[in-house]
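For reference, the chains in residue letters:
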Amino acid sequence: MFTDFIDGPFWTFSVSVFAIGVIWRLISIIRLGVPGDLAVPREDGGAGGMRTILSRFMARPAVRKRALLIVVAGYMFHVGLFALLFFAQPHIDFYVDRFGVPAWAGMPRWLFILTAEIAFAGLIMAWLYRVMHPVTRMLSGIGEHTASWLVFFVMLTGCLALLEQYDSLRVLHFFLAELLLIYFPFSSLMHTFTFAFSRNYTGATMGRRGVDA
Amino acid sequence: MNVAVRHGLIQILVVIACLLLFAGSPVHAQSSQDDKAPVSPIDVPNPGAELWNAVRERGGAEPTQQHPLTAIWEDVLQQQDTAAKSQARSADATSMINASGDQWRQLRREQLIPYGGALLLLSLAIVIGLSFVKRTAHYSESDMIIRRFKVPSLVGHWLMAGSMLFLAFTGLVLLFGRFTLLPLTGSDFFSAFASASKEGHDLFGPIFTFALIIFFFQFVSKNMLHYRDFVWMARLGGLFEKKPLKAGFFNFGEKTLFWLVIFFGIALSVSGFAILFQNLLPGRDLMLLATLVHAVSAILLICLVIGHIFMALSTKGTMDAITTGDVDANWAKADHSVWYEQMKEAGHIRKRIAHASDDAGKEIPVAEVSAEQTGAS
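From first to last, the protein sequence lines are chains A and B.
Each residue of the first sequence is one higher than the one before, counting from 1 in UniProt numbering.
Each residue of the second sequence is one higher than the one before, counting from 1 in UniProt numbering.
Among the hints, a few may not be true.
Claimed, not checked - Using 27 Å as the maximum straight-line C-alpha spacing, the simulated BS3-like pairs for lysine-lysine come out as follows:
| no. | chain 1 | residue 1 | chain 2 | residue 2 |
| --- | --- | --- | --- | --- |
| 1 | B | LYS150 | A | LYS65 |
| 2 | B | LYS198 | B | LYS243 |
| 3 | B | LYS134 | B | LYS222 |
| 4 | B | LYS222 | A | LYS65 |
| 5 | B | LYS85 | B | LYS246 |
| 6 | B | LYS134 | B | LYS316 |
Claimed, not checked - Covered stretches of chain A (in silico footprint by chain B; criterion: 3 or more residues with CB under 8 Å from a CB of chain B, positions within the stretch not fixed):
| no. | segment |
| --- | --- |
| 7 | 106-120 |
| 8 | 155-166 |
No lab work stands behind these hints: they were computed from the structure.
No residue lacks a Cβ here, since even glycine has one placed at the ideal position from N, Cα and C.
All chains, full assembly: derive it from the sequences and hints.
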């Protein structure tokens, strides 16, 4: 019964909350608009925005020097999680089954395991940095910690179910993933989508003023 | 802060334990009951199964009642050293049967598990017993602090500690679970629980190795032996003396722990990778040896870590060093006097305030540590 609930109504509910919540928040941001700029632009704002979206993927030299650990850990986690979400064969099979999308090539199993380990090490180091560094510790609230631990437990339970022979382990992973979907739109995890908006805003504003941001 | 961090870590461990416990939840029991719908068994002759059943019974059967297949087993055992031929070129391809596997199984069941379990319980009993001994603070708090560990060192320590605790928990389930948990929980629960533990153990093993390498390079320079360490060792760390012994950044006890952790960590990592990639090993015996080395190293390391955790939690001021990175100046003066003097000369003693950068480097008197206070430790 619990399995049926997690696989059926709760899945529908969590995906609905995720989709509606994310769209609602993005539309809210877009509707805020930008203040009018009456000055003659020195450069195209769109180009500046795109340049900043891409250039901010590289940490600035000062940040690399002073906080190399968090830069490396951040990349390990984010790239690893992206690869796991979209190129782990069990996930591809799931998307094909649930959404009816055509299948695509997944990672070989050894790479899947290696990616999971890199993502885990990155997530743990990033969280430890968050609680150990006096500044990030003060900046972090319950929301950041909840997001970190929810993602960690989703990843952990997914790896515990790697043998794919126990339905209880799959259901546990699925249940936590659904909780994450519900929590996502109301949390700082929204940076998955909003990072592009904020970078574009900064880049476009600075671009129009002729500043390389 | 310390209490909050400690409580937080305990809560996280409890959540992990609950998640693993959920692995054998009624969900699986329900599904397995559904799977148990009456299905007529198909009688498939399996000579291999008969042989193994006979092998299992060979110890208890009377010679007159001995299963005829047992004789085959005995013959094979006697001829195992006889050179055989095979088209296959894989490891042990010409070995008819590997008797060392049976010896390994007996060693594991009759020596490793009971003695290993006893050693772990003894360590816990010692720590619990010591926790009842009243310990007074060995220094008085001042308003001055010294930076002992930078953030990367804290992260390196906790990455290794966290992965090690997870591996210890899942490893103990795999080693002792069959004899301790299975009778309590039943096979439905335990099979899922053990499977989750095994997958988690395999996954976090390489993370532990990664953390061990980082940890080694972060701390090795501070753990090289010094002549004062031999004095510290000869005088048993000042255990029976009122005045604390001179020590640098780490004392001899801490350095010993570091090198033992590195030694057992390497043994665990090498044997762990050998088990993970056992098909690449040149022979089966090496894999059996790797599992024994892995289990023995793990048990000894867990015993060490139990003592380490007890010392960290029971010695006032020690947890501050590894949670905030800062220690009280008087703590440093009492336990690591040589390092304290170095910090004092370098002007690295600062006030205990949130943003003390303006005061960094200013020399402010630190309270003297009394002989009574230091002798109490």
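Going down the list of hints, with the structure as the test:
1. Using a Cα cut-off of 27 Å, the hinted pair LYS150(B) and LYS65(A) holds, with the two alpha carbons roughly 15 Å apart.
2. For the proposed pair LYS198(B) and LYS243(B), the alpha carbon gap of about 49 Å is over 27 Å, so the pair is violated.
3. With a CA separation close to 31 Å, the supplied pair LYS134(B) and LYS222(B) exceeds the 27 Å bound.
4. Note on LYS222(B) and LYS65(A): the hinted pairing holds, with a Cα-Cα distance of about 23 Å set against a maximum of 27 Å.
5. A C-alpha spacing of about 67 Å is found between LYS85(B) and LYS246(B), which places the hinted pair above 27 Å, so the restraint is violated.
6. With a C-alpha separation of about 12 Å, the suggested pair LYS134(B) and LYS316(B) falls inside the 27 Å cut-off, and the hint holds.
7. For the segment 106-120 of chain A, the proposed coverage by chain B is satisfied: 4 residues have a C-beta within less than 8 Å of a C-beta in that chain, meeting the threshold of three.
8. Closer than 8 Å: that is the beta-carbon criterion, and the segment 155-166 of chain A has 9 residues meeting it against chain B, so the requirement of 3 holds.
The structure does not agree with the numbered hints 2, 3, 5 stated previously, though it agrees with the rest.
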